[in-house]
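> What follows is each chain in one-letter form.
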Amino acid sequence: MNEVHRRSSDDRFGPEIVHAEHLDVGYRDKVVWQDASLDVRRGEFVAVIGPNGAGKTTLFRLLLGLQRPMGGSLTVFGSPPKRGNSRIGYVPQRHTIDNETHVAAETLVRLGVSGTKWGPGFSLRPEREAATAALEAVGAVELGSKSLGSLSGGELQRVFLAEALVGNPEMLLLDEPLSSLDLRRSRELVEVIHGLVQSRHVTTLLVAHDINPLIQCLDKVIYIANGNVATGTPEAVLTSASLSELYGVPVEVLHDSRHNIVIVGGEDPHGGENG
Amino acid sequence: MTGGVVPFSWNLITDLRTMWEFGFMRNAFEAGTIISIVAGIIGYFVIVRRSAFATHALGHVGFSGAAAAVLVGVNPVYGLLLFTSSGAAGMALLGRRAANRDIEIGTVLAFMLGLGLLFISLYKGFATEAYSILFGEILGISDSGVIFTLEASAVVLVVIGLVYRRLLFASLDEDVAEAKGMPMLALGLTFMLLLAVAISIAVQVIGVLLIFALMVTPAAVAVRLTKRPLYAVLVSILVALVATWVGLFVQFYAQYPASFFIVSIAFAIYVAVRAGQSLSALRVRRAAQAMRNQPAVD
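Chains as they are written, first to last, in this note's numbering: chain G, 1157 to 1431; chain F, 512 to 809.
Just so you know, not all the hints are guaranteed correct.
One-sided and incomplete, this derived list gives chain F residues near chain G with beta-carbon spacing under 10 Å [said to hold, decoys possible]: (1) Y675; (2) F680; (3) D686; (4) A786.
Hints in this document: simulated from the structure, not taken from any laboratory.
Glycine residues also receive a C-beta, built at the ideal position from the N, C-alpha and C atoms.
Could you build all of it, start to finish, from the sequences and the hints given here?
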């Protein structure tokens, strides 16, 4: 991709949606990462990258108000994060769904907008229309009538995306949507997501352990490793110097002829070699 | 009980009228109908939440409660309610993942059955009472029993109607529901208490040992027939109703326990649906194979 396309000059994006200053994060007596300052602006497509266990999901839990920071300040849409913010659509990494779930995909998508309501909900037309529109937006209308248990990994991710999208959120938090997909399906899903970012200006944060399927459409990278957080454009963050500082050990970023990158030296033993 | 007294005729309406001249049969049909409706609905959530084993276990917990109630001379259903509710609350408070821990639950349920056995032995001459708690005694339901069943069921139905969508959401997609601000613990607790009440009243019909047949089997059939939760709930109710009604009907003429027939009919429906689905899957595969084997025309 050309540099012009990926310029991150501030005029292209709207106001700040997420703002963090000197953020410290952890559980009781374990610090996960600290002193992170970052911001995300409206309409940005952001990858959250880093080795396993670095605290990528923890960032989402903070933004969703499921966990409090240990120190520093964090605002989402101008105020401290709170649980149940309808301006955020969320796709967690873990789902209760497996191949024994005999429930139509459309039902799940519909619950994305009606699942917090009281009553049995017998007048379903607006819900159904919203669900169909969301499935259309991710190119998965034909999956609506299928059983969740019968869908493939890629199909499921589209349905989850529709579920997150159905309430017309302003920000999407997608936790490892690509983790179980092969490269081709990953790229397909990234295209769908990128399309949403562009057509709806929905700010999107996507957790991934491999940046390569994403790299051509990213506006920003949040790289979490070794208790530190680096943020900026992919060109600025994904360099040997910047990642060596982040990991605290010498790390090399290699590029191949097709713009794929390989990060050598910084990975934990469990992570992929190109994370 | 009444087998042989009244002859069977092929006019089923007349048969039903004849049956309903007996007060205990009227009560059995009324209570059986109400309980089938409740069990059908709650059963759907049991399937969606994967709480089948917890359901089975709560039945056993209820047994010791019922036995204790008989021992101290109160209506067994109060003992059932007290013990199943406490057990349900315990499981809910430990969290949903805890409620799926088979080994811990199994350990507790074995202890509770043993406790029930102790209460039985402490109470002299009460084998029939224990028998009816274990296997159900639908023909023994009194007028006041029907009223109590109706009241308890009304509460269950109103609450489930209120929380229906929230509970479905929380059951299907836990993490998203939590992020959306759903009170997960309260929802889990509510469901488990509803389950406890449903089990307590269903025990009259089917007994603690056979609770699966009404609380799980009908819903297990339903989820295989439809993917829409609302339809699945309706099918589940229908299966429970058919099992109960046909079971009651048949036992009126055959001298075997109603529970046996109810369980058998539910089981037969389940087997028929599974077999039918395997057969149609096989047919689809065969057809696909035939297509592949056919030489391409163009």
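> Would you mind marking each hint as holding or not holding in the structure?
Hints and how they fare:
| no. | hint | verdict |
| --- | --- | --- |
| 1 | Y675 | holds (4 Å) |
| 2 | F680 | holds (3 Å) |
| 3 | D686 | holds (4 Å) |
| 4 | A786 | violated (17 Å) |
Consistency with the previously given hints fails for number 4 only.
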